[in-house]
Amino acid sequence: MRGRLHLSTQIAVGIFVALILGHLYQEPSQEMMIGPSATPTMTNSSMLAPSLPSAMPTPSIEETSAPPRPFETLPGVWMARVIAYPDSAPEIIKVTKLLSGRLTVSKPGDSYVRMLDEGGIVLYELTFQTSFSLFDVPASVDDVTYFFIIPDLENADWLQVVTPQGDATYEFPLDE
Amino acid sequence: MNDPHFGEPLLFPHPGLFGGLLWAEPVEPGLYGESTIEGLLMTTNNRSSLARWGNAIAEHPVGILAMEAGGLPPKTAVAFDLVTDQEARRLLKTLLTSILRPRATRVLIPQGLIEALGWQDQSPIEDFPIQAIPDDFTRLGEYISDPELEVTTNAASTKPAIVLRLLSGLGLWLGQVLVFAIPLLVFGWRSLVLGAGSLLAGVIVVVLFWQMLPGAGWLKGLIVGGVLAIIIGVGSSLVTNAGWSESLRYSLALWIATAWMGMVLTGARKN
Chain A
1 MRGRLHLSTQ
11 IAVGIFVALI
21 LGHLYQEPSQ
31 EMMIGPSATP
41 TMTNSSMLAP
51 SLPSAMPTPS
61 IEETSAPPRP
71 FETLPGVWMA
81 RVIAYPDSAP
91 EIIKVTKLLS
101 GRLTVSKPGD
111 SYVRMLDEGG
121 IVLYELTFQT
131 SFSLFDVPAS
141 VDDVTYFFII
151 PDLENADWLQ
161 VVTPQGDATY
171 EFPLDE
Chain B
1001 MNDPHFGEPL
1011 LFPHPGLFGG
1021 LLWAEPVEPG
1031 LYGESTIEGL
1041 LMTTNNRSSL
1051 ARWGNAIAEH
1061 PVGILAMEAG
1071 GLPPKTAVAF
1081 DLVTDQEARR
1091 LLKTLLTSIL
1101 RPRATRVLIP
1111 QGLIEALGWQ
1121 DQSPIEDFPI
1131 QAIPDDFTRL
1141 GEYISDPELE
1151 VTTNAASTKP
1161 AIVLRLLSGL
1171 GLWLGQVLVF
1181 AIPLLVFGWR
1191 SLVLGAGSLL
1201 AGVIVVVLFW
1211 QMLPGAGWLK
1221 GLIVGGVLAI
1231 IIGVGSSLVT
1241 NAGWSESLRY
1251 SLALWIATAW
1261 MGMVLTGARK
1271 N
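Heads up: the sequence lines are chains A and B, in that order.
Every letter in the first sequence is one number past the one before it in our numbering, and letter 16, counting from 1, is 16.
Converting from the second sequence to our numbering requires adding 1000 to each position, the first position being numbered 1.
If we strip away everything but chain A, and leave its shape as in the complex, we get (with noise of 0.2 Å):
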C-alpha cells in the first residue's frame, strides 16, 4: 500500500541509496592534484630547459583581494613541471596551459614557486619543502621532479622557481 516497502527491504534499499548519495557527494576525481606533497619521481636530469630570461625584476610581494582558492576546480590554470638539484639551481622544464585543474596544495618550507607581474610584485606564491631523501633510508637521488598546479592570473608575467640552492625564471607567453 502507497509504495511501502517490507522493514527489511527498506534497509537494504536505504543501504544502496545511501551508497548513490555517498558516491554523487564524494570529493571529486584528484587526478589533477599533482604536487610536491606527492611521492617524488626520479628523472633524467639531461632533459632541456627552457631559455631563462637575462633581466629579472626584484620580486616584492603584494597581497590580492581575491586569492586563487585550493580544492576547487578552476578552469584554465598552468602546468609546471620543474626539477630541483641538491647542488644547483632548479630548472622549469616544462610549463603547459590546462583547460581545468586544482591548484598545488603543499606543505610550507624552504623553496618556493611564484607568479611575477612585470614590475616584480609577486601575485601568487605557493611555498613548499624540497626533499633528496629517498623515503627514510639515507640515500639521496640527484633530482627530484616536481608537478605544480598554478592559477592562470591576468597579469601574471613571470613564473620564478626558488630553492635554497638557487632560482630559475620561466616568462609566460603573451598570447596566453
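No lab work stands behind these hints: they were computed from the structure.
Distance windows between CB atoms, simulated:
1) A:Gly109 <-> B:Met1212: 56 to 62 Å
2) A:Gly76 <-> B:Pro1160: 50 to 56 Å
3) B:Ile1182 <-> A:Lys94: 40 to 46 Å
4) A:Ile121 <-> B:Gly1188: 35 to 41 Å
Some chain B residues flagged as far from chain A (calculated, every beta-carbon gap over 10 Å):
5) Asp1136
6) Ser1145
7) Ser1237
Virtual Cβ for every residue (Gly too), placed ideally from N, Cα, C.
Please build the complex by placing chain B on the supplied structure of chain A, with the hints as guidance.
Structure of chain B alone, referenced to chain A:
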C-alpha cells in the same frame, strides 16, 4: 487501505528495540486478543503501542484493533494521513457489525487518537458508543469498569499535526542516518556530512509540505525534492562558482534523498 486480519485473533507482540522512535515498527494489522471480547480498543499496527496496550488489557475482556498505518504510532499515523477519519469509521463499522456483533458492546479509543481523528467522546458508531480512555495505559482498568467515566482533556498536551510530523520525521531521520552512516562513510566524511544533511533537508521540506502535496509519500518527496534540487543546484552554481556538473550531482543527490525520506515517512510493510 488494506483490510486487516480478522481471522483467528493474533498474538500480542513484544515491545520493539527502539520503541518506534527511530523507525516504523510494523506488525500485522488485525484483531488482537481473546476471541470472547466485550470491548474493542483501537490503535495502529505499531509494535510498541500494541505491546503496551496488550499488557494493559491482559486482565480484561477487551480486544484490540490494530489498523494498518505502516507501523507508525496512532497520533503520528493520523498526522501523516495514514489513518483517516473515513477509513477508521469504515473499518470499525465492518468489524462491529459483521464480526464482533453481538459480543462487543463498546469501543475504547485513546484520547489522543480521538482528538487526532476529530471524533467526540460518547458519540456512537453503528450504535456502539465510543468511550475515550486516557493515553496513559496504567489507568485503563478504571475506564473498563466504569463505562461512564470520562477522560479529562488536557488541551495543552495536544500537539498540532505539523509538530507531530516534524518530531516523527526527525526521529526517523536519526534512524536513517544510523543505517546510512557506514555506506556514506565508505566515500569519506564529506559524503557522510552532506548525505546526512540532505536527508535532514529532505525530511523537513517533505514534512512541511506534506498535506499540500498529492499522492503517496515517495511522490510527495519526488515533487518537493525536485523543486528543492533545482533551487539548490542553481543557487550553488551561481553563488559558489561550482561547476555545472558538480551542482548537478548535488541536486540529484538531494532529490534522491528527499524522495527516499518521503517514502520511509509512510512507514513500512510487515508482510
